[in-house]
Amino acid sequence: MTTEITDALCPFCGCNCDDITVVVDNNRITGVKHACRVGTAKIMGHHRIETPMMRADKKSEFKKVSYDEAIEGAARMLAMSKRPLLYGWASALCEVHKKGILLAEEMGAIIDNTATVCHGPSTLAVHEKGLPSSTLGQIKNRADVVVFWGSNPVHAHPRHMGRYSVFTKGFFQEKGRRGRKVIVVDVRKTETASMADEFVQVQQGSDYLVISAMRAILSGHADVVPDSAGGVQKEQLVKLVDTLKGAKFCGIFFGMGLTQSISRYKNIDNAISLTTELNSFTKCVIMPMRGHYNVAGFGQVCSWETGFATAVDFARGAPYYNPGETAANDLLMRKETDAAMIIAGDAGAHFPADSVRHLAKIPVVQIDPYWNATTEVSNIVIPVAVCGIEVEGTAYRMDGVSLRYRKMIEPTLSTDVEVLERITERVKELRGV
Amino acid sequence: MTLKVNLITGRTIDQGVTIENKTSSDYQEATAYCELNSKNLEILGKPGSNVRVKTRYGDVVVKLKENNGNPDSIAFIPMGPWANAVVDPDTRGCGMPGFKGIPAEIEVTKDKILLMKELIARYK
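Top to bottom, those sequences are chains A and B.
Residue 50 in my numbering sits at position 50 of the first sequence, with consecutive numbering throughout.
Residue 69 in my numbering sits at position 69 of the second sequence, with consecutive numbering throughout.
Derived from the structure by calculation, the hints contain no laboratory data.
Any given hint could turn out to be false.
[Claimed, not checked] Derived SDA-like pairs (lysine to any residue); straight-line CA-CA distance at most 20 Å:
1) A/Lys59 x A/Gly45
2) A/Lys59 x B/Arg122
3) A/Lys248 x A/Gly137
4) B/Lys124 x A/Lys248
[Stated by the list, open to error] Derived DEER-like restraints, expressed as beta-carbon distance ranges:
5) B/Arg56 x A/Thr2: 50 to 58 Å
6) B/Asp59 x A/Ala56: 28 to 36 Å
7) B/Ala121 x A/Val238: 35 to 43 Å
Every residue, glycine too, gets a C-beta built ideally from N, C-alpha and C.
Based on the sequences and whatever the hints tell you, model everything.
Here is the structure:
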């Protein structure tokens, strides 16, 4: 029997689009409407890992095993570890995060999520300066000037501009695109830049300098700004600051162009200061363009459970947090981690070679629906149902709004929560707790 | 001929579409390439040629592509295992490796592009 699920949520990017229609026929998804190409690909599904697998030697082939064997092996591997890392989490729901944090606490492990290679530096900047932000609904209804800085939503968040920030009509923005000025600041002239009213091309790694020049101009000290800063002519910067000051409601969205270039969190720190200072003239908000649909949710759950958003070390018996010391890549590159559980994230594909080299040398258990680069460095692989498609639960959109995901189809494999609960119970037994 | 560039990595829509299908040729097609503008590209060869991208952290063979949105001497590789073979692992004390702004050299090669499985096998 064919049924249509309306107003379904997309479990891919931080836009968490909630207007998706999914066509289901005999517990199989046969069609997706309204989603972007990326969301459609995720919901329609790809080749899955069908059964748990194990191997002692990472150069040998996997052997199919039962869930019982794989869970026993994973629990033993983690219970024997002195410095375990539990990493990933962004493609899983908050209910999974909660179980993961309990396991980390039980073992005295370190738990970190994919923000570490995404908006981790943004979290550090928020510690310093706070975050003058808003919901995406406020952007839709009010923003007349929209800035994308080091962010390319045409590729990374394909429906952001359509649903929230540029093309959509809002309560006070009844003209839609014609009522909004769009500015893109980037190193490359991206597809998003090509659609903008103004493109500000910065020299790679010069964002901090450009933001500082803008703050000087904003505070009435244009005289100290040289003719060109970070590859941008002073004239263009003065015009840009005037546009931002003249906005009725300005929304600044930033991406990896700021978090991953040389100044890392200091870029965001500076951009937040610029936003705060613009509020002396008009209303201005700033928001990170979160990548995975629930990377923000891990930050929420980890914050309310441990006091810290990510990179939490339980080795001392109480949560300790110091990215640079306790973040996943720092641990792997120091060769400190002696076992890892990678869940709902792909460290094998998205970490630098040195980190993957260490993962290839230590025992690794992977919990994931899909075969990916982490599978290639794993000893134990436990396939699970896809959160947000086969499992219901809560996720947080990039603006911090929580949304409830319903199941689209019934799972045919164990869920992350079931697997984590069983591993935790067995780890407790093995540790004699 | 060797071209010195500043390498940046990042998302693309095709990388997103294939991200949960990393054993596929579509994923390799979407991520194992390096973009240069036409002026820089002409120095090396034609679009579709294989090039070796070398940094002090490693080297990788990818396909050459043209993108005139790139300024001179900026090379772009989509995020993924091929890009991460050559990125800067230093987190500068804040947890984030250097995925953008890596000095790199690019030269044409006859070597083939490794499959994802083969690329990761180099680390074992």
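Each hint, compared with the structure:
In summary, the hint linking A/Lys59 to A/Gly45 is not supported, as the alpha carbons are separated by about 29 Å, beyond the 20 Å threshold. Among the hinted pairs, A/Lys59 with B/Arg122 is consistent with the structure: their alpha-carbon atoms are about 11 Å apart, no more than 20 Å. For the suggested pair A/Lys248 and A/Gly137, the alpha carbons sit about 16 Å apart, so the restraint of at most 20 Å is met. For the hint pairing B/Lys124 with A/Lys248, the CA-to-CA distance comes to about 56 Å; that exceeds 20 Å, so the pair is violated.
Separated by about 56 Å at the C-beta atoms, B/Arg56 and A/Thr2 satisfy the suggested range of 50 to 58 Å. Checking the proposed 28 to 36 Å range against B/Asp59 and A/Ala56 shows it holds: the Cβ atoms sit about 31 Å from each other. For the hinted restraint 35 to 43 Å between B/Ala121 and A/Val238, the CB-CB distance of approximately 54 Å leaves it violated.
The structure shown violates the earlier hints numbered 1, 4, 7.
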